[in-house]
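Peer 1: This is what each chain is made of:
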Amino acid sequence: MAVTSAGATRDGNAPARPRKNRTFLVLNIISIVAGIAIWWGLSLAGLQFPTPVEVVSAAWKMTLDGTLATDVGASLGRVLAGFALGSVAAVIVGFVMGWYTVARGLFEPWIQFFRTIPPLAMLPLVLVLMGIGESPKIFVIFLAAFLSCVISTYQGVVNVDKTLINAARVLGASDGTIFGRVVVPASTPFILVGMRVGLGSAWGTLVAAELLAAQAGLGHRMQSAQLYYDLPTIFVGIIAIGVLGLIMDRLLMIAGNKLTAWQENR
Amino acid sequence: MSTPESTREIAPKISVRDVQKVFPVGKEPFVALGGVSLDIADNEFVTVVGPSGCGKSTLLNILAGLEQPTGGTALVDGKPVTGPGPERGVIFQQYALFPWLTVRENVEFGMRTAKVPKAERRERAEHFIRLVGLEQFADALPKTLSGGMKQRCAIARAYAVNPSILLMDEPFGALDALTRVRLQEQLLETWSKERRTVMFITHDVDEAVFLANRVVVMAARPGRIAEVIDVDLPYPRDEDMRLSPEFGALRNRVWHAVYHQRQIKEPAQ
Numbered sequence: 001m002a003v004t005s006a007g008a009t010r011d012g013n014a015p016a017r018p019r020k021n022r023t024f025l026v027l028n029i030i031s032i033v034a035g036i037a038i039w040w041g042l043s044l045a046g047l048q049f050p051t052p053v054e055v056v057s058a059a060w061k062m063t064l065d066g067t068l069a070t071d072v073g074a075s076l077g078r079v080l081a082g083f084a085l086g087s088v089a090a091v092i093v094g095f096v097m098g099w100y101t102v103a104r105g106l107f108e109p110w111i112q113f114f115r116t117i118p119p120l121a122m123l124p125l126v127l128v129l130m131g132i133g134e135s136p137k138i139f140v141i142f143l144a145a146f147l148s149c150v151i152s153t154y155q156g157v158v159n160v161d162k163t164l165i166n167a168a169r170v171l172g173a174s175d176g177t178i179f180g181r182v183v184v185p186a187s188t189p190f191i192l193v194g195m196r197v198g199l200g201s202a203w204g205t206l207v208a209a210e211l212l213a214a215q216a217g218l219g220h221r222m223q224s225a226q227l228y229y230d231l232p233t234i235f236v237g238i239i240a241i242g243v244l245g246l247i248m249d250r251l252l253m254i255a256g257n258k259l260t261a262w263q264e265n266r
Numbered sequence: 001m002s003t004p005e006s007t008r009e010i011a012p013k014i015s016v017r018d019v020q021k022v023f024p025v026g027k028e029p030f031v032a033l034g035g036v037s038l039d040i041a042d043n044e045f046v047t048v049v050g051p052s053g054c055g056k057s058t059l060l061n062i063l064a065g066l067e068q069p070t071g072g073t074a075l076v077d078g079k080p081v082t083g084p085g086p087e088r089g090v091i092f093q094q095y096a097l098f099p100w101l102t103v104r105e106n107v108e109f110g111m112r113t114a115k116v117p118k119a120e121r122r123e124r125a126e127h128f129i130r131l132v133g134l135e136q137f138a139d140a141l142p143k144t145l146s147g148g149m150k151q152r153c154a155i156a157r158a159y160a161v162n163p164s165i166l167l168m169d170e171p172f173g174a175l176d177a178l179t180r181v182r183l184q185e186q187l188l189e190t191w192s193k194e195r196r197t198v199m200f201i202t203h204d205v206d207e208a209v210f211l212a213n214r215v216v217v218m219a220a221r222p223g224r225i226a227e228v229i230d231v232d233l234p235y236p237r238d239e240d241m242r243l244s245p246e247f248g249a250l251r252n253r254v255w256h257a258v259y260h261q262r263q264i265k266e267p268a269q
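As you go down the protein sequences, you meet chains A and B in turn.
Sequential numbering of the first sequence, starting at 1, is according to our numbering.
Sequential numbering of the second sequence, starting at 1, is according to our numbering.
Simulated from the structure, these hints should not be mistaken for laboratory data.
Warning: the hint list may mix true and false statements.
[As the list claims (entries may be wrong)] Ranges of calculated distance between the beta carbons of each label pair, as one might list FRET restraints:
#1 Q68/B - G105/A: 22 to 28 Å
#2 E264/A - D18/B: 41 to 47 Å
#3 E264/A - V228/B: 38 to 44 Å
#4 K115/B - G105/A: 34 to 40 Å
#5 T116/A - L178/B: 53 to 59 Å
Ideal placement from N, C-alpha and C gives every residue a C-beta, glycine not left out.
With the rest of the complex left out, here is chain B:
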């Protein structure tokens, strides 16, 4: 699929080279990733979709520096990933907001660890809180927010440390359908204002097509890339786009690529 020949002329922002991840489970090791290669260009929005057990979250965690590959290399800006870094923001499905901190304090967390002066911290937090539309809840604790608001806060928190890459691990997976659609539109709006390289994991085919420049379809056992589908629909995307025949055709293609794998034994989860 994404062999070096197919990459863009400029050096890729993210470059995954034959990355493997094997978990030693019992006698037969579990191959979460069996040699995955993928290039993501600067400011590209890539979604990764696939059945559970296909290793999409493992791939994201390796890029985030939270897990180490057992083979191959993951490069960001040409440098191998050795651990987490502020240039890579991560958004988790479980929101992972610090429940004892207010929205503002959560958004300021990364800037505090980076020792950003207080005044600048305030100002930047304010900016990103406004960007995700939470200005009325800046001093609220996470427990008072809805799921969608929590995830918006997490997005603001990731943006606030000014990463060049956003790694999103099924961020809208726990939300109801309507909230999810709304957040997808808001995310694209945010992304159009503050361009970043995005890798977005999902199991929702509609979501994958709606957001992406490129949809990477993964397959399980062993975890691998099954197909890469370009989404040549123009941004900004809206509801009409979602209902257009072009969108429908792409969705069918991705759907087919994902669910065509059904014959393979279901992973135990």
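Pulled out of the complex, with its shape left as it was, chain A reads as follows:
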């Protein structure tokens, strides 16, 4: 209750916030504990779930024999490669589209078309064309990240406040300077939102791609566990995917908040 007493010494409505956050955190923890308890209860009640203990011991075994690290490494490597390539390409294409009307006219129909196709639907084609190595998987992830991020970047460039561009112009800035010192920073918030969506999309696509065609990775591990009716391993896979996705999302969010701390209304 240190928070409450510290809050009480402040004036006005200032103490409301920390107390609210604390309540929120407590509710979060209660919810997680209750969720695990219900899971445990269901598995003891005869549902075909492994108990949390079985899952933890499976995770421990996989950690000891190195399979978990290998799988996580393989999956993370793919997603990071695809995501990095996709984001870089999306930022470049998005900027070009936002800045040059001609480029917008040429790129837009293709991007809009491919956006309606789930990247996974491309997998059969990509597998035929690129074989079964790493490249087809990285390519679909690239596609997922790129398509989610490019529109957002483009919107960011188009939405840059005209007054800021005029302000730079009357201060003697050339087009190049305006682009580098006004358009790029002003569209960063949009790019970061696009990257977060892109990361989520990349992660989802990765796991599905691994389920279909991979020799390692979390998706592959779950796929083979399915054959042996190895439910604890499947659970380990699911939880690892969730935790890793959450961690990556949070890291990107923290980086984003640092980069866009200048924003007025947040």
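On the provided structure of chain A, position chain B as indicated by the hints.
Peer 2: Relative to chain A, chain B alone:
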């Protein structure tokens, strides 16, 4: 009004010759400016006041080089305006500070594009930040500043590239009355220390009279100059001046010139 005969003997700093601006809206084109002529002398402080739709902002944007006239010419130092230039500083109503830059970085922006060496840049930024009284906030981001402070920062930023002309587009329009009065006094103080030719757009009659050597009253539909009123009150001007009968008489004249146009159809905005 401002026909060539009425200009001062020396060549005017700004010379607007029969400038027209027509926007093609639907079938009937919108005449924002229907042939406006105006001369502004070097170091003169001119305010432009008029109802919305009278084209006062368009006139300023043409002088800033942000818009092109559809007829006539705008001359600065005898040369036609073809685009924005560092000799014409612009201050916008929406402040237009770069939100990702600190006060100091904002003030240095124009000097960086002009490739002013770092040491000199620092020194000049420091000088103008002090001039507008923001020295305690030099490293603050715009989001932490009040509206009045933001506009002071924008004024420092415009001054820092050392323009000979300041074009101000309703700079205090978004501020509360008290802050506005304070900033008007500060602006005159700054202007008395660092003389520039100023064209200041406003819709506030008091503000127009308080600041100006000359008040240009514009009318709408089509945008035109209705009347030019000389303000022969001495500087420095202060609160007493604002309450004096001379000021009151001038304000009434300008007020009448502005609101006498009320019969004209209100522009759709």
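Peer 1: Work down the list of hints and note, for each, if the structure agrees.
Peer 2: Cross-check of the supplied hints:
Hint check: Q68/B to G105/A, Cβ distance near 25 Å, so the stated range 22 to 28 Å holds. Range check, E264/A to D18/B: Cβ separation about 42 Å, and the 41 to 47 Å hint holds. Separation of E264/A from V228/B is about 40 Å and conforms to the stated range, judged on CB atoms against 38 to 44 Å. Roughly 36 Å separates the CB atoms of K115/B and G105/A, a value that falls within the hinted 34 to 40 Å.
A beta carbon spacing of about 56 Å between T116/A and L178/B agrees with the range 53 to 59 Å that was offered as a hint.
When the structure is compared with the earlier hints, no violation turns up for any of them.
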